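Fit chains B and C to the known structure of chain A by using the hints.
Now for the letters of each chain:
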Amino acid sequence: MLTNFLTTADWTRDELEGLIASALRFKSGEDASKPLAGKSIALVFFNPSLRTRASMQVGIYELGGNAVVLEPGGTSWTLEHRAGVVMDGDKTEHVAEFVRVLGRYCAAIGVRTFAALKSWEEERRDPVLSAFAEYADVPLINLESAMHHPCQSLADMMTIREKFGDGKKRVSLVWAWHPKPLPMAVPNSFALAAAQMGHELTIAHPPGYELDDALMHEINTRAFDAGSVVRVTNDVDEAFDGAEVVYAKSWGSRHFYGAPEDDIETRAPFRQEWIVDEAKMARTTDDSVFMHCLPVRRNVIVTDHVIDSGASVVIDEAENRLHAQKAIMARLLKDEGLLKDEG
Amino acid sequence: MLTNFLTTADWTRDELEGLIASALRFKSGEDASKPLAGKSIALVFFNPSLRTRASMQVGIYELGGNAVVLEPGGTSWTLEHRAGVVMDGDKTEHVAEFVRVLGRYCAAIGVRTFAALKSWEEERRDPVLSAFAEYADVPLINLESAMHHPCQSLADMMTIREKFGDGKKRVSLVWAWHPKPLPMAVPNSFALAAAQMGHELTIAHPPGYELDDALMHEINTRAFDAGSVVRVTNDVDEAFDGAEVVYAKSWGSRHFYGAPEDDIETRAPFRQEWIVDEAKMARTTDDSVFMHCLPVRRNVIVTDHVIDSGASVVIDEAENRLHAQKAIMARLLKDEGLLKDEG
Amino acid sequence: MLTNFLTTADWTRDELEGLIASALRFKSGEDASKPLAGKSIALVFFNPSLRTRASMQVGIYELGGNAVVLEPGGTSWTLEHRAGVVMDGDKTEHVAEFVRVLGRYCAAIGVRTFAALKSWEEERRDPVLSAFAEYADVPLINLESAMHHPCQSLADMMTIREKFGDGKKRVSLVWAWHPKPLPMAVPNSFALAAAQMGHELTIAHPPGYELDDALMHEINTRAFDAGSVVRVTNDVDEAFDGAEVVYAKSWGSRHFYGAPEDDIETRAPFRQEWIVDEAKMARTTDDSVFMHCLPVRRNVIVTDHVIDSGASVVIDEAENRLHAQKAIMARLLKDEGLLKDEG
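Protein chains in written order, with this note's numbering: chain A, 26 to 368; chain B, 26 to 368; chain C, 26 to 368.
So that you can see chain A by itself, here it is in the shape it has in the complex (with noise of 0.2 Å):
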């Protein structure tokens, strides 16, 4: 019974080349089915969006349907995802209710709720997808939750399969400084979907900023199971050394949730050791490809020449949401009807 989206773990690799031939199927044109006509789809804002809620809502037309975008204590209300809590304080709204009635006004819901990096120990349960997955009753996509961002994630592989076509990569995930400590949804997904797909995963970071201990058992043994192994170093060049895919991304230390003064200050020396520039990137392969999810800060996370140079395909990424969200949605909806035909 799949029918939600959360976290590519929940797909194996076949169904994940099965989403990625059909984004290319919508990319090319040669689909142009509008499976969600007449329908509407929710999209659930909690924190700022782009390319999420733009290629949602033009995914959304192109695939015949109605995109009904909201924000929970902007134009809707504030939300209570703890069960049992008695609502005395200031939230009006149990997700309980938000998430049942959007399921009888539309046929799927999409929800953004960023992680916010006050209590590890929490967000890595990723609290508030998950109660909207318990009491969702037609499919949830995850824009981005605490501890995933799975629509980027397939983007990026589907990205990588056009640049390079089939077969194993040399793929680095990079850590970069930034101002303020960021979640680490992009880094878990990046890092997850790769190992699922099998490339030859590098995972470069200073000090302290592991990513979590039970998803990085769970990437490795995809990546043990797709024939490949993972690699994590806290040295740069390492990650850069004749690697084919260099994907830049800044998170903060799950060691300093709720103290982010201490992420900062830990994290200032890093700053022109991690850039993404000139220098770094001569290290890797003359095809090499320079990958960020966006938004990036120019100069801080990669420089000017490298994001405008012919290596960038940081456009093509963003673009590649768009159709991969168009596989996502056509095949939940596709899996939803057959589950109620057979229901």
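Treat the hints as calculated values from the structure; they're not laboratory data.
Note that the structure is predicted; figures quoted are calculated from it, not measured.
Watch out, some of these pointers could steer you wrong.
Same chains, same names: a pair is fine if it fits in one copy or spans any two.
Unchecked claim - DSBU-like, lysine-lysine: derived pairs with alpha carbons at most 30 Å apart: (1) Lys64 to Lys188; (2) Lys188 to Lys52; (3) Lys188 to Lys59; (4) Lys193 to Lys52; (5) Lys52 to Lys205; (6) Lys188 to Lys143; (7) Lys193 to Lys205; (8) Lys59 to Lys359; (9) Lys205 to Lys143; (10) Lys359 to Lys64.
Here is chains B and C on its own, set in the frame of chain A:
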């Protein structure tokens, strides 16, 4: 010349029955007409919304049309509604221009504008909605004003009809405690519509939480016309004894408009006495239902046990907003077309 | 390669006449084509909007397309527009990526970005709009920038044509008092378009409220080319004497950019002298019209008497925004299609 939907008081019982019948045809799929094809509807939100925002956007799409959402003071300009004012303060645009301009782009306008709970004498006259109605030359739909929420009460009457079929039901509108004073639009409109439909209505609240006098006169008159009577009580048990429908809602006292602290202090003792819980629901009939317009604060207005029980129809009520509003929009635009043909 | 609509200065008089003719065909219903079928248009709002937001959404829908609304710094990320910056401040994304990504999802981009009224030398070069234009690879529509509001001025020229037919009219752009300094985009674009259309233009304002020197040179040149001349006066009565069109608008002095308090103090004495009232309108021709782009502050810019009189065409102007913008979008996408065919 019936082209607005501002309060059910403007509609006869037969007309309300007609709207409910139409809503049921939309719900069953029997009516799949698209009377809004090629038309846009403006949705103007001075306040947050989930159900109204989502169900109106979905309903307009399902009727073939295009929803245009505006938030005065947010995405759009701040609005002045008083006539004759020298506008050298903080308001940028007058409702006179706002509404007339929208009437050139859109086939109808929906507006949500809550009571500010500052001046009872002013707000009981529904000043912002009245200004919209004065200047609009396209059909106007009240999406909750200071005094009324007729889309909600029509969906509520439809829900009672679905659960119990035709005929007079024992319906109780029961006040509940809430951490801050809330507007009275929902209790006003529910009581009025229940009276118009001829239900045996009980209104229960602590002393001091009476509805508006003129409105109570209207409610009593409509109940009498429909062959019924309305009972008002300060005894919470009386509201539950033998009730078929328990409709819970918190509202602020009109005696404390402008003095929220006094309101909060006055009703503090009523918190446990008025919460809808298992014990109180045991006083109702075996097939009774629990209703609330949502959003609802769990374990404040109603316990988890009751809202999660089989008696709870809150999600059905919310769903029926969609169907009821489709019926309202279809009817208003049909009337408008007939008027234009006659004009 | 005319694929943007940034200022009417980029378009010849014949081309503007063609757009007005197209707009009139959309208005009459003669043109019901859907050139945007299957296409999405991004609408980027840095500032509030009623007419632009609503008329663009309706126009895109009526042309068969899908509007995607984004608010940088609100629903979307904060944007940096300067080239070469080290982005370690408060801006999250660069216009370079923002615009290129949107170009992958959408067939055109509209952008609203007001003057901040902080640095005249910087803002007169329209920096944000220019950055959008530099990076965009789809047609770009100016929905009001620091210096221009060409959609408004095209609708204004269309309105004058509707009211008075072909030929040169006596048109006065008249400054008005307002509680705070406002941007100059509307007066700039109105004066420019009126000059391009060959109207007999008078620009009236208190001393110190001159338009930009380079723009005035452009306005005079265009008027000369169209066989007309432009008069500038500090005498309010002169602007009304014999005028057929009175176009009122407040704007701040470019001498006080960054010093709003000085601006407010300087013009305080002009409040009653420059308001558009019955007495001033009595100096105009019998069939003269009153125009304003809206939103307008009643009894500050113009009296209730004048704006509610038969001479007021402000609602027609606002309606014409819809038709003019449909003409602009249809034309840009047609040009874009031709360019692609040739490319």
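**Request:** Check each numbered hint against the structure and report the violated ones by number, ascending.
**Result:** Violated: hints 5, 6 and 7.
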